[in-house]
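Asks: Let the hints inform the model, and build the full structure from the sequences given.
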Amino acid sequence: MDNVFSNLAMGFGAAATPINLGLCFIGALVGTLIGVLPGLGPIATIAILLPITFYLDPLGALIMLAGIYYGAQYGGSTTAILVNMPGETSSVVTTLDGHQMARKGRAGPALAIAALGSFFAGCVATFIVALFGPVLAKFAQNFGPPEYFALMLVGLIGATVLASGSVVKAVAMIIVGLLLGCVGSDIETGEPRMTFGIPQIAEGINFTTLAVGLFGVAEILRNLEKTADRSVLGAKITGLMPTWADIKQSAMPILRGTGIGSVLGILPGNGAVLAPYASYTLEKKISKTPSRFGKGAIEGVAGPESANNAGAQTSFIPLLTLGIPPNAVMAMMVGAMTIQGIVPGPQVMNENPTLFWGMIASMWIGNAMLVIINLPLVGVWVRLLKVPYRILFPAILMFCCIGVYSINSSGVEVMLVALFGGVGYFLLKHGFEPAPLLLAFVLGPLMEENLRRSFLIARGDPSIFVTRPLSASLLVIALILIAIVLLPSVRKRREEVFHEED
Amino acid sequence: MRVRSPQDLVGGIALILLSLLAFSQIGDLKFGTASRMGPGYFPTVLAGLTGLMGVIIAGRSLVLDGPALDRLHWRQALPILGAIMAFGLAIRPLGLVIASALLFGIAAFASSDTKWRELLVVSAALILFAVGLFVLALGLPFPLWPRF
Chain C
6 MDNVFSNLAM GFGAAATPIN LGLCFIGALV GTLIGVLPGL GPIATIAILL
56 PITFYLDPLG ALIMLAGIYY GAQYGGSTTA ILVNMPGETS SVVTTLDGHQ
106 MARKGRAGPA LAIAALGSFF AGCVATFIVA LFGPVLAKFA QNFGPPEYFA
156 LMLVGLIGAT VLASGSVVKA VAMIIVGLLL GCVGSDIETG EPRMTFGIPQ
206 IAEGINFTTL AVGLFGVAEI LRNLEKTADR SVLGAKITGL MPTWADIKQS
256 AMPILRGTGI GSVLGILPGN GAVLAPYASY TLEKKISKTP SRFGKGAIEG
306 VAGPESANNA GAQTSFIPLL TLGIPPNAVM AMMVGAMTIQ GIVPGPQVMN
356 ENPTLFWGMI ASMWIGNAML VIINLPLVGV WVRLLKVPYR ILFPAILMFC
406 CIGVYSINSS GVEVMLVALF GGVGYFLLKH GFEPAPLLLA FVLGPLMEEN
456 LRRSFLIARG DPSIFVTRPL SASLLVIALI LIAIVLLPSV RKRREEVFHE
506 ED
Chain F
76 MRVRSPQDLV GGIALILLSL LAFSQIGDLK FGTASRMGPG YFPTVLAGLT
126 GLMGVIIAGR SLVLDGPALD RLHWRQALPI LGAIMAFGLA IRPLGLVIAS
176 ALLFGIAAFA SSDTKWRELL VVSAALILFA VGLFVLALGL PFPLWPRF
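Order-wise, the sequence lines are chains C and F. Note that my numbering numbers the first sequence so that position 55 is 60, with each residue one more than the last. Note that my numbering numbers the second sequence so that position 87 is 162, with each residue one more than the last.
Derived by calculation from the structure, the hints in this document are not laboratory data. Ideal Cβ placement from N, Cα and C applies to all residues, glycine included. One or more of the hints may lead you astray.
Said to hold, decoys possible - If the Cβ cut is set under 7 Å, some of the chain C residues that face chain F in the computed set are:
1. Ile180
2. Gly202
3. Leu226
4. Arg227
5. Val422
6. His435
Replies: The structure is reproduced here in structure tokens:
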């Protein structure tokens, strides 16, 4: 325990330099901005900004990118409450009661509870990362190639179980992601594989190129189809402060939401998206007056909003301790670390303690900044919602192109963005989720490497995966996950949960 | 036989085509054995699985009901993808300023409510911003103007 505090103190020292504070602020600000704007998500934004981080030092880069992710959880609620449109997928449920509160003239308390609940959840989740991170990292140091392979398998299967939409299609996306990950030179022999003779992908498809195309460009295309008019609730927001009764009503939902979010964040799959659903369902179920839900119950804002922020933050645990991203945003963070020459994994904490603890400390600082960015300044964000999309999309498009070009000064890679953008559009139009593809694309080369090493160690005997207790138990977990998906009752339930999303 | 889920049928066929494309590229990469996997091992297995998933999803479309095909909005998609291609082609020979101008000009056809005067102002402001941020502040080695 003492150690945690001395480490955190070191982290605060590293995160509180003027430059890092500034980057943390920029990250939180950009996160809020894209959170507020529907149709621009954290995955696309981080992908677009990834090339720029090359020019920052590793800690600063990660602080800024992390700020974008959890900042988006704050910003998303503002749009959900005021426009009845989720700014982020993680704030879909907030529209249910948050917007009803706004209709009744209680937009202020709804916004305040969402921000304060998120802040509380952020603080607790930061502490959880600090507490469990080192334990898990120590544990992971005993992992050999078979364990890593099994762990990544669990991660990928978990990502399909907890993904929305069709399981079969999610599995297909994972396989395609793994296949795309094979493109480039072979890890052992250096032979070019599936490169179509294009020199720009001789070393593999660039992660940023793929992510910008699949998410950034495809999202623009989807948004241009909808001629949505955003009717921002015109009335001035008065009385931000929640009443004492509001706070009393919200306290327990915030605590429960934080708990649910923290657990779901660590699991593979997108915790920040799933946790608010779980929290909302729970609050409705245990409420004495479930009929109030959907008509402006403050619990329906407090719980889910705490849950999504907690989930966003604890999803850093598998990345920082095991080096395995649990969702597509964390896969993006792997990309950022790789650009900086850092190999994610349990060794980061020992070899680079200021990076690990500095990042954790920055999360707390960032959350404190976000309360200020979101509450007193809410008027600014509301005005931003009135900027028409025809002005926004050229700006986003330009950032996509310049960002990708700046990685290798290669025009061909920009053209590949157009290709992947078209692919992403095709996927959207045919009910395929691109997030599992990206996750598998990042994990693919790691899986191949660990699989080949495992077989080398075992001289080709596949029983190595079941005779080592750790890898065997991980594989059992994978089997259980598959069984869960196939259970008819769970399938039905799953469809119900995700049906509300549409 | 009736197609019950057109989206799945098209998606499945696309996966099968992707699998064939991958196989054509794997060519004569060494497959190796389980104990000494060659460079072709992983790609071959995955390309096979991709094809298998394609067959499953396409086959499923004949049995399970699913949504109808969503209309592809070419009027939006083509200008956006074309604008990116143009930027990629133009950035080296023509420099950042002209490539960005091309990007905005072509992309504008994607939006139905483009106001050309507004576009001009917004484009100029964005180009100035990009030059300021990427070239002056971050010092990226971008060509600004055409090099003759």
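Asks: Now look at each hint and say whether the structure bears it out.
Replies: Cross-check of the supplied hints:
1. Taking 7 Å as the C-beta cut-off, the interface hint given for Ile180 of chain C holds, the closest approach to chain F being about 5 Å.
2. For Gly202 of chain C, the interface hint is violated, since its Cβ never comes within 7 Å of a Cβ in chain F; the closest pair sits about 9 Å apart.
3. A hinted interface residue such as Leu226 of chain C counts as satisfied when its beta carbon comes closer than 7 Å to some beta carbon of chain F; here the least separation is about 5 Å, so the hint holds.
4. With a cut of 7 Å, the hint placing Arg227 of chain C at the interface with chain F is violated, because the nearest CB-to-CB distance is about 9 Å.
5. With a least beta-carbon distance of about 6 Å to chain F, the hint placing Val422 of chain C at the interface is held under the 7 Å criterion.
6. Interface restraint check: His435 of chain C against chain F, minimum CB-CB distance 4 Å, threshold 7 Å, status holds.
Hint compliance for this structure: hints 2 and 4 are not met, and every other hint is.
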